[in-house]
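So you can see what is in the structure, the chains are spelled out below.
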Amino acid sequence: MSKTIVCDGNEAAAWGACLSRPDMVAVYPITPQSSLVEYLAKFIAEGKMDADLMDVEGEHSVLSVLHGACLAGARTYSATSAQGLAYMFEPYFRTPGLRLPMVVSLVTRDAVSPTCVWGGQQDAMTVKEVGWIHMYCETQQEICDTIPIAYKVAEHPDVMLPVNVNHDGNYLSYGVARVELPDQAVVDAFLGEKDVNWHACLDPERPMAVDPLTGGAGGVGPATFVRYRKGICAGMQSALSIIEEAHADWGRRTGRYWSPLIEEYRMEDAETALVTIGSMTGAAKDAVDEARLDGHRIGLVKIKTFRPFPIQRIAKALSKVKAVGVVDRAVNFGWNSGPVFQEVLGALYHLPQRIPAMSFIGGLAGADITVEHFASAIDRTLRLAAGEMATAPVWLNEND
Amino acid sequence: MHEVRLHGRGGQGAVLASAILAAALVEEGRHVMAIPAFGFERRGAPVVAFLRLSDTEIRRVTNIYAPDIVVVIDPTVARAVDVYAGMPMGGTLVMATSKHADELVLPPHLGKVAVCNAIHIAMDIFKRQITNTIMLGAFAKATGLVSVASLEHALAETDFRDAGLRQNIEAVRRGYEETTVVTLGKEQAA
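These protein sequence lines are chains A and B, in that order.
Counting in my numbering, the first sequence runs without a single skipped number right up to 419 at its last residue.
Counting in my numbering, the second sequence runs without a single skipped number right up to 212 at its last residue.
FYI, nobody ran anything at the bench for these hints, they're computed from the structure.
A few of these clues could be false.
What follows is a list of derived Cβ distance ranges for each label pair [stated by the list, open to error]:
id, chain 1, residue 1, chain 2, residue 2, range
1, B, LYS121, A, TRP354, 56 to 62 Å
2, A, ASP398, B, THR205, 39 to 45 Å
3, B, VAL127, A, GLN102, 41 to 47 Å
By construction, the Cβ of each residue, glycine as well, lies at the ideal position given by its N, Cα and C atoms.
Please model the complete structure; the sequences and the hints are all you need to start from.
So, in structure tokens, the structure goes:
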């Protein structure tokens, strides 16, 4: 029997992890993730969760401990944010190269300096090129459901890559809503027999070397390194269809069909579109509905899977519009725009025509992106469709 | 849809109260979205929590700027922050205070005011000035949006750090019983 609870996003993530039956979790607390790992500790103490919990001295050790466990064939889980992720970066970079199918929640938070402890996606966006799969959740329910889905994707033999399941710090981490907890038997059947790391088990009966010295300019080094890198790219591309299959399978078993790569909202006849990511999307949908009442044919594309980037799906979804406004919760300093904006530009390049696009940046360091902010972004995107070009990003909270 | 803003001080449990209220409302089949306003956690500092409730799906995950219901669980916090900010014509104020409603200096556009001597009740039950669950009873009496039974059910699902379930059930009941509701006559704008 599924069970209805009312909880915040961090508890929803802890339940998603608990239902996935990890063998080992390693934790170090950091705002706004702390309550998530406190829930894990509580679940284990209460006997709801049968996992070893390693309470280590920092995030570098969190991921290093889990590397060992995962290499030995264990299902592993952790969560972190911002400065914790920064401290985790050295083993973080190793994880996809080792093809470790781990799941780690990023409770996204803006990056210092200046000092802030609040939500923003700068942490996750900064590590988008490391080879981890990144999925962004919109609601507490989606967080709970996406973590089991993430294990199914990560452990698939054609993927074998780590997955970050990301939820917005503050608005989702502490925001409370109704969540249907799926029945344990449903999740067990969905995940199937546990076979986490078939290719590189640390097994005394079957000794093997992992992480060889490669590269350089002679011998087998360069080709070996290329093979590793191409393998990650191939796993990423395989993941596109496996993410879709896993979401469809989850939907059949639970009745909740989440859009796996992108969600198209009122795009059938749309002449302009917003692109959103994460928990901002609900307010954007409300603003789209209001603009529709005013006679504007606007739609919305929400990105769930950001790595691998669903290039073809996004290009197709935006192929008929006259202008696109992309709303980011992070900054791409090198392009004077939001990072998602620049990704969408890359996807639009796959279309024969040139579609004007502009960048909106909001919700940094816990700032709110309200329906009114989205209404102003829609207004500006409509003017873009009418020919009023933009050369700089619009900072939505600049005058709050 | 109703939009509720709770005002308290750090350590009094305003955020926990919003989560308990959310659970009680879901028990009654409502959709809810409760979000604490973000500040550095420290005891005594003004704290705000937001809660939306609706019979239909709530999509926006945003703060609340025009609450039609304001719940003030600390009698002194109104001196530190503008608890009436953004309230529309005809809004409802639920206030922890030892004063009678007609002794309060209120903005002219309120539709309803409910007062509860929550500190007095808290000292009786908890021996400390913890008013959050008392004011949930006051909210139920003032708005009729949630039943005491649903609140009690939600309390049973809550981990309390400072007090027991039995005390909190008594708190909700006394909050409900000892709240006086005065209608001020200003109609809510359509």
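Requested in this report: Hints the structure violates: just list their numbers, smallest first.
Outcome: none
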